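Novice: Read in order, the letters of the sequence shown are residues 1 to 154 in the UniProt record's numbering.
Note that these hints are calculated values from the structure, not bench results.
This structure is a prediction, so every number in the text was calculated from the model and none was measured.
Glycine residues also receive a C-beta, built at the ideal position from the N, C-alpha and C atoms.
Among the hints, a few may not be true.
Computed list of lysine to any residue pairs in SDA-like fashion (alpha-carbon distance at most 25 Å, straight line) [what the hints assert, rightly or not]:
id, residue 1, residue 2
1, Lys-20, Asn-6
2, Lys-20, Phe-7
3, Lys-20, Pro-9
4, Lys-20, Asp-8
5, Lys-20, Arg-10
Distance ranges between label pairs, derived from CB positions [claimed, not checked]:
id, residue 1, residue 2, range
6, Ala-14, Ala-57, 52 to 58 Å
7, Pro-76, Ser-105, 54 to 60 Å
8, Thr-101, Val-80, 28 to 34 Å
9, Ile-84, Ala-120, 35 to 41 Å
10, Val-148, Leu-90, 24 to 30 Å
11, Leu-133, Asn-75, 56 to 62 Å
12, Ala-56, Ala-147, 34 to 40 Å
13, Gln-125, Ile-78, 29 to 35 Å
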Amino acid sequence: MSDTRNFDPRFDPAFQRGYKDDGSGAPQPYRGIEALGLGAGPVGPAPLEPLESRDAAVAQAQAHPEPLPVSLQGNPWIRVLWVIAPVFVLGGVIGQAWSQTLLFSGSYASGPSGFASYVAPSVMQSVGPWMVLTGLAALVGVVFLHAVRWRAAE
């Protein structure tokens, strides 16, 4: 190794200019498993758990029957989704058409009726597409729930 006076003590000398390796850090050739002192014999399998614990687990599993299948027919929230989803889709489409008709009819009223001729259609023009999107997403979600819970006739 070269003179250590030229190396910054904060850093490893191997990464500094002027370092010369003397070979002590070189990887050693493979000496085999015997050199590690682990023995050359084969390693046996891991010990198995006692049969008593397996029997207890089987008895516990047999004591608890399979859960009953879940039916969506009695779920009132599924019915609510089936009603709300088409209402949102139709409401969004009708509201969008209504707002376009009022906004682009060319007749704007001033005064107290300005709300009915400009503000309400503008709000519906902003909300309508989101109502359609939410209704379609709800329809897809309800169909997905029914598809997941569906079981073929046995």
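Novice: Please write out, lowest number first, the hints stated earlier that are contradicted by the structure.
Specialist: 7, 9, 11
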